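These protein sequence lines are chains A and B, in that order.
The first sequence begins at 1 in the numbering used here and counts up one residue at a time.
The second sequence begins at 262 in the numbering used here and counts up one residue at a time.
It is possible that some hints are incorrect.
[Unchecked claim] Pairs of lysine-lysine, DSS-like flavour, derived with a Cα cap of 27 Å:
{"id": "1", "chain 1": "A", "residue 1": "249", "chain 2": "A", "residue 2": "12"}
{"id": "2", "chain 1": "B", "residue 1": "300", "chain 2": "B", "residue 2": "327"}
{"id": "3", "chain 1": "A", "residue 1": "84", "chain 2": "A", "residue 2": "249"}
{"id": "4", "chain 1": "B", "residue 1": "267", "chain 2": "A", "residue 2": "85"}
{"id": "5", "chain 1": "B", "residue 1": "300", "chain 2": "A", "residue 2": "84"}
{"id": "6", "chain 1": "B", "residue 1": "300", "chain 2": "B", "residue 2": "285"}
{"id": "7", "chain 1": "A", "residue 1": "85", "chain 2": "A", "residue 2": "249"}
{"id": "8", "chain 1": "A", "residue 1": "159", "chain 2": "A", "residue 2": "85"}
{"id": "9", "chain 1": "B", "residue 1": "267", "chain 2": "A", "residue 2": "84"}
{"id": "10", "chain 1": "A", "residue 1": "208", "chain 2": "A", "residue 2": "12"}
{"id": "11", "chain 1": "A", "residue 1": "85", "chain 2": "B", "residue 2": "285"}
{"id": "12", "chain 1": "A", "residue 1": "159", "chain 2": "A", "residue 2": "12"}
Please keep in mind that the hints were generated in silico from the structure rather than gathered at the bench.
Here the structure is a predicted model, which means the values were calculated and not measured.
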Amino acid sequence: MRHLTSRVGSLKRLVVTYPTPTETLLGTPLTLPTSEPATAQVGYTLTTNDLPSFSMSLYSVKLLAAVIGAGQFITAGTVYWRMKKNGSSVATGSQAVSANNYYTLNATFFGIVAGDVLEIALWSNQADSNYDYKALSVLYSRLNPHAKRSLYLDLFFEKVDTNFTLSLGNPSATDTWVATYNPINGNNYSTTPAYECGANVLTKAPIKFYGAFSSDLYGIMRSYFGEPGNAGSMKTHASYRPYYVPYKKVERISWRRVVGI
Amino acid sequence: MTIVLKRLADISDPMVFDTAMREKYPSMLGFCYQEDEHKLTLEFSETVDAEQVRLDTGSEEVLEVK
Numbered sequence: 001m002r003h004l005t006s007r008v009g010s011l012k013r014l015v016v017t018y019p020t021p022t023e024t025l026l027g028t029p030l031t032l033p034t035s036e037p038a039t040a041q042v043g044y045t046l047t048t049n050d051l052p053s054f055s056m057s058l059y060s061v062k063l064l065a066a067v068i069g070a071g072q073f074i075t076a077g078t079v080y081w082r083m084k085k086n087g088s089s090v091a092t093g094s095q096a097v098s099a100n101n102y103y104t105l106n107a108t109f110f111g112i113v114a115g116d117v118l119e120i121a122l123w124s125n126q127a128d129s130n131y132d133y134k135a136l137s138v139l140y141s142r143l144n145p146h147a148k149r150s151l152y153l154d155l156f157f158e159k160v161d162t163n164f165t166l167s168l169g170n171p172s173a174t175d176t177w178v179a180t181y182n183p184i185n186g187n188n189y190s191t192t193p194a195y196e197c198g199a200n201v202l203t204k205a206p207i208k209f210y211g212a213f214s215s216d217l218y219g220i221m222r223s224y225f226g227e228p229g230n231a232g233s234m235k236t237h238a239s240y241r242p243y244y245v246p247y248k249k250v251e252r253i254s255w256r257r258v259v260g261i
Numbered sequence: 262m263t264i265v266l267k268r269l270a271d272i273s274d275p276m277v278f279d280t281a282m283r284e285k286y287p288s289m290l291g292f293c294y295q296e297d298e299h300k301l302t303l304e305f306s307e308t309v310d311a312e313q314v315r316l317d318t319g320s321e322e323v324l325e326v327k
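Hey, can you work out the whole structure from these sequences and the hints?
See below:
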């Protein structure tokens with residue numbers, strides 16, 4: 001007879017360091033074209049300096065780039081947008097904008113790496129609307145510190161920091177998005193993850209789970225916004241630009257892994 | 262209200278799509294089409310018939326209405 005033995009590994013602590021978001025506010029706004037431009041107004045070529053850094057090697061993790069493009073409409077109309085990743089279209093859309101209102105496109109590019117070229121093209125059905133603001137920040141999702149379907153003990157989300165803070169223009173956060181969760185039931189998760197595990201990492205952090213199986217797909221946490229693919233969310237406001245989605249930063253997680261099961 | 266649809270065909274020209282939809286649905290605020298996911302999300306300021314929107318957009322399936 002073969003006896004299976006397992007043991008509890010040593011305490012591991014992951015520290016994630018996020019770069020300061022990159023922001024640009026043009027001194028003179030650019031007039032939006034009235035047809036799709038050949039050259040996107042917003043463009044970033046990602047470098048390692050743009051990405052969060054992790055204090056240990058990880059089994060797997062996905063990175064998401066939050067890219068913002070914003071400006072103002074003088075005459076009421078419609079703004080159109082297209083997101084491109086490495087030259088290929090990944091998402092497109094439109095949004096009605098009231099007269100003298102600002103628009104902000106909150107775009108998320110999923111599964112990015114250094115060297116990727118991320119772009120947003122903007123255009124309008126009015127000749128007097130403009131673009132003058134862009135920003136970039138990178139967060140992470142689908143964190144698997146160890147092999148898939150690992151059992152974690154004392155999984156502790158120690159530090160979830162304040163929102164990304166943007167400073168240029170006249171910024172304001174749109175609302176309190178749920179940005180992360182912890183799928184403690186392995187692959188048995190729902191699309192309303194904050195309720196699935198009975199805990200919202202963001203609003204209750206620091207929070208500890210005494211035992212948790214990682215999900216094959218999502219590991220021990222995922223971003224609520226920006227999953228599962230490339231997408232854009234347009235917000236408008238009478239005075240705020242950028243009017244942005246306030247991602248949280250999960251900065252420190254610790255655990256003990258059960259090995260040999 | 263927001264309607265999420267599965268639509269396999271890409272939207273090559275968002276301006277043309279938007280204009281056509283606004284003619285039928287003046288309450289449409291905007292849309293987002295995710296090409297990898299084949300997911301079309303439309304926002305309306307008033308309640309509309311999701312099944313009719315599916316037909317009018319040439320979509321395959323209504324995924325979510327909220």
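These are the hints, each one checked on the structure:
1. 249/A with 12/A: Holds, because 19 Å separates the two Cα atoms, which is no more than 27 Å.
2. 300/B with 327/B: Distance ~15 Å between residue 300/B and residue 327/B Cα, so the pair holds.
3. 84/A with 249/A: Distance of about 25 Å is within 27 Å: holds.
4. 267/B with 85/A: holds (22 Å)
5. 300/B with 84/A: holds (16 Å)
6. 300/B with 285/B: Cα-Cα ~20 Å, so holds.
7. 85/A with 249/A: holds (24 Å)
8. 159/A with 85/A: violated (32 Å)
9. 267/B with 84/A: Holds, at roughly 21 Å.
10. 208/A with 12/A: holds (14 Å)
11. 85/A with 285/B: Not satisfied, since the Cα-Cα distance of roughly 32 Å exceeds 27 Å.
12. 159/A with 12/A: holds (15 Å)
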